[in-house]
Amino acid sequence: MNHNMSDSHIGTIGRALEDVQVEGTDLSVMQQAIMTPAYEQRLWNILHDVNSLLLEEDQFFGYFYLQMTHRIRFDMASAFGINLKQGGYVLYVNPFILLRQSPDVMKDGIKREVLHIISAHLMRVKALSQGFHKTAVHMAMDMVVNDYLEHVDRDAVTVANVNARFGLLLKRFRTIEYYAKAIDKVMKEKPDLFVPIDNADTAVAMEFDPQTSHDIWDESDSIDIDTMDQITERYINEASKGDMEGYVKSLIDTFQKMRRALPWYFYLKKLMGKVASGYKKTTMRRNRRQPERLELSGTLRQHKANVWVALDMSGSITDVEFTNALEQVLQIVHAYNHRITVVECDNEVRRTYTMESVKDVKPRLDVRGATAFTPVFSLANQNRVDLLVYFTDGKGEERLREAPRGYKVLWVLTGENPQLSLHTPYGLVRELGYVGVDETQDIDEFVRMANRGGFSMANQEI
1 MNHNMSDSHI GTIGRALEDV QVEGTDLSVM QQAIMTPAYE QRLWNILHDV NSLLLEEDQF
61 FGYFYLQMTH RIRFDMASAF GINLKQGGYV LYVNPFILLR QSPDVMKDGI KREVLHIISA
121 HLMRVKALSQ GFHKTAVHMA MDMVVNDYLE HVDRDAVTVA NVNARFGLLL KRFRTIEYYA
181 KAIDKVMKEK PDLFVPIDNA DTAVAMEFDP QTSHDIWDES DSIDIDTMDQ ITERYINEAS
241 KGDMEGYVKS LIDTFQKMRR ALPWYFYLKK LMGKVASGYK KTTMRRNRRQ PERLELSGTL
301 RQHKANVWVA LDMSGSITDV EFTNALEQVL QIVHAYNHRI TVVECDNEVR RTYTMESVKD
361 VKPRLDVRGA TAFTPVFSLA NQNRVDLLVY FTDGKGEERL REAPRGYKVL WVLTGENPQL
421 SLHTPYGLVR ELGYVGVDET QDIDEFVRMA NRGGFSMANQ EI
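Quick note on numbering: our numbering labels position 49 of the sequence shown as 49, and the sequence is numbered without any gaps.
Don't read these hints as lab results, they were simulated from the structure.
Among the clues, some could well be false.
Stated by the list, open to error - Mimicking DSSO-like on lysine-lysine, the simulated pairs with C-alpha atoms at most 30 Å apart in a straight line are: (1) Lys257 to Lys241; (2) Lys362 to Lys188; (3) Lys270 to Lys395; (4) Lys270 to Lys362; (5) Lys185 to Lys274; (6) Lys257 to Lys181; (7) Lys181 to Lys304; (8) Lys257 to Lys395.
Please take these sequences and the hints and turn them into a complete structure.
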């Protein structure tokens, strides 16, 4: 590969840019003026050579690259970027930033984007941004994946660079939450350190900006988690040629394990379909058993499902997490004739109220007592409940003094290392999805390991 090709290409683009009136110029017009067919072909030839290196050294990433659609984006504040469009992943390239890099840095730049995909970062960022500033989450995700790479640019978001810039003492090979928490704190205490690079008057991003480099993720098609996981799994299967080892295998194994672990709201949907329902006769619908006999009446479901959502106020769930969980509940039950009652409780039932939308959610009472599950079940037994969804950290009594009568129960556990104290839960037990952070764990031995391929994922959260 010609290592000097990059400088000559940058000069060519720079001269073309000077000939274009930048201010007020439409970006598509600018791209046509700068990106000639000959230049574009030479750019893809460079990336073809880079991917050839990947196929020789880390063929999984090389085959993954070949499956993606490739496009040019001048307004993207990073060399590479990804999102999901029309059922497939798109890899974007900003030649202004890319062509200043060495082939090794380009190679690891492709790997970085693939690592974001197989680590499910495009989907996880939404949930994590509910607890931390979105910029902090983006930077934390880069810190995690950059720990796997040997060749990164000088301004890459690494643990070392973040420590130097913000005066922190963060350790390597930690969780996204660990890094996001630290960066989020700095953002609140020193907001002047987080001023985005102003590219507004150029319409072309000339510099890497960690605060906006992942904005392109927001342009992904809006799809559910399961569909995105299916697409990712298809790419992984096509890229998995031969035996794999080291951190890539660990990441893929973790992805597949998470893929098999269905979220709590999947079980809520299943339970709602099984909620006891009454029927009324109607001439507007044909009889299911004998549809050819028009004189027979059909039936319509008339039972209003009585759904209770209990919130353990002594637990670790945040207001934002609970509100988002209620949104999930509403999305699932809207297809049914239903009534939702919110039950706030600790060692007793403190308040109950009905809700029809998230706007009806009331600020939580400032009460933090011990936890007892029995009072909620005692009250539910008196109110012909069909389904009880109980959000709690799980730390309560070991046995219910009064068991549920005739309704289904879904426990949604919150917090770090959640575990239900009840010996008999009388229903399904799932986790909300919060990933705990062990900030005291000493993993320096892993950092000192010379063989990166032998690094254990046991202490790494993707």
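Cross-check of the supplied hints:
1. Lys257 to Lys241: Given that 30 Å is the threshold and the Cα spacing comes to 20 Å, the pair holds.
2. Lys362 to Lys188: holds (27 Å)
3. Lys270 to Lys395: Cα-Cα ~26 Å, so holds.
4. Lys270 to Lys362: holds (28 Å)
5. Lys185 to Lys274: Distance ~45 Å between Lys185 and Lys274 Cα, so the pair is violated.
6. Lys257 to Lys181: holds (26 Å)
7. Lys181 to Lys304: violated (43 Å)
8. Lys257 to Lys395: holds (27 Å)
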